[in-house]
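Enquirer: The listed protein sequences derive, respectively, from chains A and B.
Sequential numbering of the first sequence, starting at 0, is according to numbering that gives the first Met the number 0.
Sequential numbering of the second sequence, starting at 0, is according to numbering that gives the first Met the number 0.
Hints listed in this document are in silico derivations from the structure and should not be mistaken for laboratory results.
Each hint should be verified, as a subset may be incorrect.
[Said to hold, decoys possible] Beta-carbon label-pair distances, calculated as ranges:
1) B:Pro145 x A:Leu210: 24 to 32 Å
2) B:Ala110 x A:Phe182: 44 to 52 Å
3) B:Glu180 x A:Leu196: 40 to 48 Å
4) A:Leu82 x B:Val196: 25 to 33 Å
5) B:Ser107 x A:Ala47: 28 to 36 Å
[To be verified] From chain A, some residues computed to sit far from chain B (all C-beta separations above 10 Å):
6) Ala21
7) Ala86
8) Ser147
9) Ser159
10) Ala187
Quick reminder that beta carbons are idealized off the backbone N, C-alpha and C, glycines included.
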Amino acid sequence: MSYHFDWSVLWTFRGALLQGAALTLLLSLAGLAGAVFLGAIAGAVSTAQARLPRLAAASYVETARNVPLLVHIYFWYLGLSSLRLPAFWCASLALMVYCGAFVAEIVRAGIQSVPAGQAAAAQALGLTRQQTLVKIVYPQALRIIAPSLAGVFSQLIKDSSLASVVSVGELTFQAGEIEGVTFRTFEAYIGITLVYLVIVTAVTRGTILLLRGRAPSFLEPS
Amino acid sequence: MDVAVIWNNLPYLAMGLAVTLQTAALVIVAGSVFGLALGLLRSVGPRPLRVAAMLYIEFIRGTPLLVVLFIIYFAVPALIGFRFTAYTAAVIGFVAFIGAYIAEDCRSGLASVPKGQAEAGLASGLTRGQVMRLIILPQAIRRMLPALFGQFVRLVKFTSVASVIGVTELTGAALTVNAREFRPLEIIIFLGFAYFVLCLLLSQLGRWLNRRYAIPQ
Chain A
0 MSYHFDWSVL
10 WTFRGALLQG
20 AALTLLLSLA
30 GLAGAVFLGA
40 IAGAVSTAQA
50 RLPRLAAASY
60 VETARNVPLL
70 VHIYFWYLGL
80 SSLRLPAFWC
90 ASLALMVYCG
100 AFVAEIVRAG
110 IQSVPAGQAA
120 AAQALGLTRQ
130 QTLVKIVYPQ
140 ALRIIAPSLA
150 GVFSQLIKDS
160 SLASVVSVGE
170 LTFQAGEIEG
180 VTFRTFEAYI
190 GITLVYLVIV
200 TAVTRGTILL
210 LRGRAPSFLE
220 PS
Chain B
0 MDVAVIWNNL
10 PYLAMGLAVT
20 LQTAALVIVA
30 GSVFGLALGL
40 LRSVGPRPLR
50 VAAMLYIEFI
60 RGTPLLVVLF
70 IIYFAVPALI
80 GFRFTAYTAA
90 VIGFVAFIGA
100 YIAEDCRSGL
110 ASVPKGQAEA
120 GLASGLTRGQ
130 VMRLIILPQA
140 IRRMLPALFG
150 QFVRLVKFTS
160 VASVIGVTEL
170 TGAALTVNAR
180 EFRPLEIIIF
190 LGFAYFVLCL
200 LLSQLGRWLN
210 RRYAIPQ
């Protein structure tokens, strides 16, 4: 091994790394918000009784999640290049649509996993259908799906690295820049890996803590 | 919309598709073997190896695929002074990446086999190795099938990332065609459709296998 490690480049380029981390966070948050929005709607709709909305939700989920994220990004960036969307928004929209499909599947499973007796009991007590869903079913479903949702979020943060392909200056892109200037390839990529690790761990733990709340004990996944 | 652009470039796109299929097949086989071995080490290996496997799995699962590919294509050569071709680097990267996820599925598959089965096997005089090979693994693998095919579908989608380090698989080929023809909308929609069909076929195969080999409850 003739390679001499020089980890000081990470300190020298701390500004670029911080900026990259900030953009990764921003990109992930935008993607996350959109994915939760799309996923909650599609997931709730796919448990509806009417056939047509269910079909629409299912076709969104199947189309979005069976196409690679990179192709989603290229769709907004190249395919719709006539719209001239900024690269950041191309990547965000791609993350929203792609990850929204995974959120939808989790939401659907969560709603279906709430025992049917809960809804029946609520209706017996005179709650309307809508009240039953909003006050009884959804809050319980939210607690059940917290860990799976955290999994999708951590995936989303890692997936946001693909935005570097369309020159969004997030972490992975900055590592490429540092590498280009210093040839410190190994240090740059291991360095950003650690940053990803920190962000992913923080968001995963945070999601579980936030959504889990005080789950009723009979709902704790065994 | 001008579908002719796809038709005219079909041979080139088909070549890209062939590379994608070949990569996926190679990585599915190698990744499953690697993941299974890693999962076994993680669950029942000797203690130091168990810890090493855990560290590896956690490291990979915390790292974006693109960064794994960059490390193998750009960073590792700087360390060992030997450069892989982009294709080799992509295959190594995919196997290293998907192996960690398959190892986790394997671990939960192994854990899902009731303890009584292993105890009964040991009590009837089988060795530990025999219990694993004849009793635990066959059941664990059948239980793992849905998760395993989930990983395979992810993998097919992941192969598109190889285009970033310059492999001319389906996505790379489509980008090349677009650079020549500049009909981005048609080409990207075709690209998405091709992956869609591929993933759907693979998950159907997984469902069929699961129906056929699922353990009756």
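Enquirer: Against which earlier hints does the structure fall short, listed by number upward?
Expert: Of the numbered hints given earlier, those the structure breaks are 9 and 10, listed in rising order.
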